[in-house]
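Enquirer: In the order they appear, the protein sequences are chains A and R. Counted from 1, the first sequence has number 4 at position 4 by the working numbering; the numbering is strictly sequential. Add 1000 to a position in the second sequence, counting from 1, and you land on the number used in the working numbering.
Everything labelled a hint here was simulated from the structure, so no lab data went into it. Every value quoted in this text rests on a predicted model; they were computed, and no experiment measured them. Even for Gly, the Cβ is constructed at its ideal location relative to N, Cα and C. Hints may be right or wrong, so weigh each one.
Unchecked claim - A partial selection of chain R residues facing chain A, derived with a Cβ cut-off under 10 Å:
| no. | residue |
| --- | --- |
| 1 | Asp-1047 |
| 2 | Thr-1182 |
| 3 | Arg-1187 |
| 4 | Ala-1201 |
| 5 | Asn-1202 |
| 6 | Glu-1203 |
| 7 | Phe-1213 |
| 8 | Gln-1283 |
| 9 | Glu-1292 |
| 10 | Arg-1294 |
| 11 | Asn-1296 |
| 12 | Ser-1300 |
| 13 | Asp-1323 |
| 14 | Asn-1353 |
To be verified - Footprint (simulated), chain R over chain A, 3 or more residues, beta carbon under 8 Å:
| no. | region |
| --- | --- |
| 15 | 4 to 17 |
| 16 | 39 to 45 |
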Amino acid sequence: MNEMNITLAKYMANPNGGAVKTVKATIDGQELFVPLGDLANRHYFEIMRQVDAGTLTIEEAD
Amino acid sequence: MSSKARQLANLGNQIDDGAITGTNMVINGGMTISQRGTSFVSPANDDFLLDRVMYQYNGTTARITATQESDGVVGVSPKSLKAQITTAANSSPSAADYTQFTYNFEGNDVGHLGLGTSSCKPITLSFYIKCSTTGTLPIGVSNAGTRSFPATYNVTEANVWQRHIIKIPPVTDGGWGSGINTGLGLRLGLEYGSNYTGGTANEWNSISAFADFTTTYTNPVASTLNATWQITGVCLNVGDSAIDFPHRSYGDELARCLRYYEVFHAGSQTGYLAIGNWWTSNQARCILQYTEKRTNPSISASDVICYQSGSGTEYSLSETIDDAHSTHALLYGGVPGASTTQGHSLQMRVAQNGSIQIDAEL
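Chain R with its partners taken away, still in its complex shape (with noise of 0.2 Å):
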């Protein structure tokens, strides 16, 4: 048992890293907000899972399903974002192989860090891993492809949680992006090829185009068919100690995530966007307002109809996105077969499988 003066002093140093003020620069990191869904079977490159965690992979073969799992770590977070491997990956990945999920914070949220100046904060990275395989497994964290520190964590135990710490010294040269362009950059890798893994292990690297920004691993997990790997609790903060997962509540990381990806959907029931108008007899508008996002962003539109009041008439759209800025954009289209009074309002829907999904993530 530590003495109360090294818990006094351990204390000290948590809230110097920020344990009450403030704070853990990942956004969901406890896997609570899932606006795409709480299932993704065999996502494609790119696809974003739960709220801000990317999945990428390259050239292997291996495949994943994933799942918001209500399984969590008590006193961190109740969920957790679970992988299992559906498709083993060959156990020696060729060299542009990888399979890993990406993180990328926003500049405006990691300026303080004084990223590449001779000034810049040591920072702490801690998360919580379950995982069925046993061994070392790799991560990366870096800018746009110049600088990075790669690391690996140890499971030690299958299947039970363990957490790992990450201390991350200044890095005081490269150039880091800021405002609302990606200012650092997270990749926890399931397999990497030895085009990304010749990076050396706790100390920033000089790197190109992201080639060897990782390290040597010994995990089999992307390799092993049903194999699980399973995360909560991100944490990313200043100072040179991990501080206790800071709880948020569910509406605060919400709020956070949808600066990012929102959707309207209808779920069970016919779900209403906004008042539109007929532009013409068979052109119908409305102007889409949302949460303000990051940048302008893309917006994809399915199933959206037009309800005419009197008649009652649904008349489905045929969907166009224009002049999207950050708050709001033009939601038009022609609707075959209408022969309206120009100008008359109308309801404007989401059918029960459509969905307007509107994307500024990094």
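If we strip away everything but chain A, and leave its shape as in the complex, we get (with noise of 0.2 Å):
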């Protein structure tokens, strides 16, 4: 009974240019640098249940 409103999913380019560890998100109107691959993240994982359930793309990375 918490779906968070996700307007904006996009990778961010690792400034070191390994591999992408974040994606920037504007969640509930608020601009948020979210750490990937982390489900305790509660922010993470509310993008990748809308991104499973279709609801929810992340852009690519510039």
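Quick one: dock chain against chain with the hints and give me the complex.
Expert: If you want it as structure tokens, here you go:
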């Protein structure tokens, strides 16, 4: 009973050139940098839940 | 007056239930810690108010202003959380409507209860409520949506602090989160639609996706314009009786809250964050360090400035966070207009209206 309103999700290029580690997301109106791969992070969990549900797409990094 | 023998027996029972050794599993139950502020006008769904307390709503027209009040209970806490209804809900909420305050317990903090096992311990929830309307109000104690213990508490007199005690028997089945995940959830509602209120009170219910996780109630607080609901002294202890609310020092309580949320802001002065350097002539970087979090946190950043010693020049940073770990993250960004010497150090600061918020809440 807790669905976050996510209006943007976009991978952030690694500033050191390695693997992507962060998603920039606008969640309930707040811009957040969300670490990738940590399902204990409630924002990442919800991003992936909405991606799996087909209601959210994470944009590629610039 | 009870006999001395009865008093001693009650004391013994309280000791068994953790009155001396332990302990309130609720963090900030006295509503003393307020890192996000002390007044929240029409907070959004999922906003945290005072530390560890989340406000949630769905569908309803009800809106609140929440404040930290210096109106507590002597011997319990000098502070409280107050919600005032600024837009009233429909007196008959739609089926999916709700307005609630949620507290999620970390699995590490409730793992000793043995939730879902044959040796599960009983627990007791207690709290103080002052409400301007009378009648019963609903709560639900649950896992991630398959087991719930619905109950109500009865506000019998308006605008008076009253203590409510809810005894919760062991729950011997169901899946329960552990470790750094949510182990137990507590929801105190101001209103619920019929999707949620079909649970049988005062016993564990099997539910699906929070349907009927709580029970029916009579108090019209959410549908009464300007009504108030105020809470403090929230305690969850092991055992079949409520312990006296255990006082913790402000520092102890704040330290517990920092595991879940931390904010750097400048207030009336410019706040120092870290020593950084010019990674390139127009990109600044620093390592942002913070109190160890429950998990890798989400981070927001605004109005970070880079102060170049020598020239005394301040540059605005286009803030980006990367590679957040439980204790540190990389803060970096382009600095439009800067043309500096690569490798030179600089001061990373938060401007007066800026902040860095580090969020590992459940």
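Enquirer: Compare the structure with each hint and give your call.
Expert: Verification of the hints:
| no. | hint | verdict |
| --- | --- | --- |
| 1 | Asp-1047 | holds, 7 Å |
| 2 | Thr-1182 | holds, 9 Å |
| 3 | Arg-1187 | holds, 9 Å |
| 4 | Ala-1201 | violated, 19 Å |
| 5 | Asn-1202 | violated, 21 Å |
| 6 | Glu-1203 | violated, 21 Å |
| 7 | Phe-1213 | holds, 8 Å |
| 8 | Gln-1283 | holds, 8 Å |
| 9 | Glu-1292 | violated, 14 Å |
| 10 | Arg-1294 | holds, 7 Å |
| 11 | Asn-1296 | holds, 4 Å |
| 12 | Ser-1300 | holds, 5 Å |
| 13 | Asp-1323 | holds, 5 Å |
| 14 | Asn-1353 | violated, 15 Å |
| 15 | 4 to 17 | holds (count 5) |
| 16 | 39 to 45 | holds (count 5) |
Figure legend: structure checked against the earlier numbered hints; hints not met, in rising order: 4, 5, 6, 9, 14.
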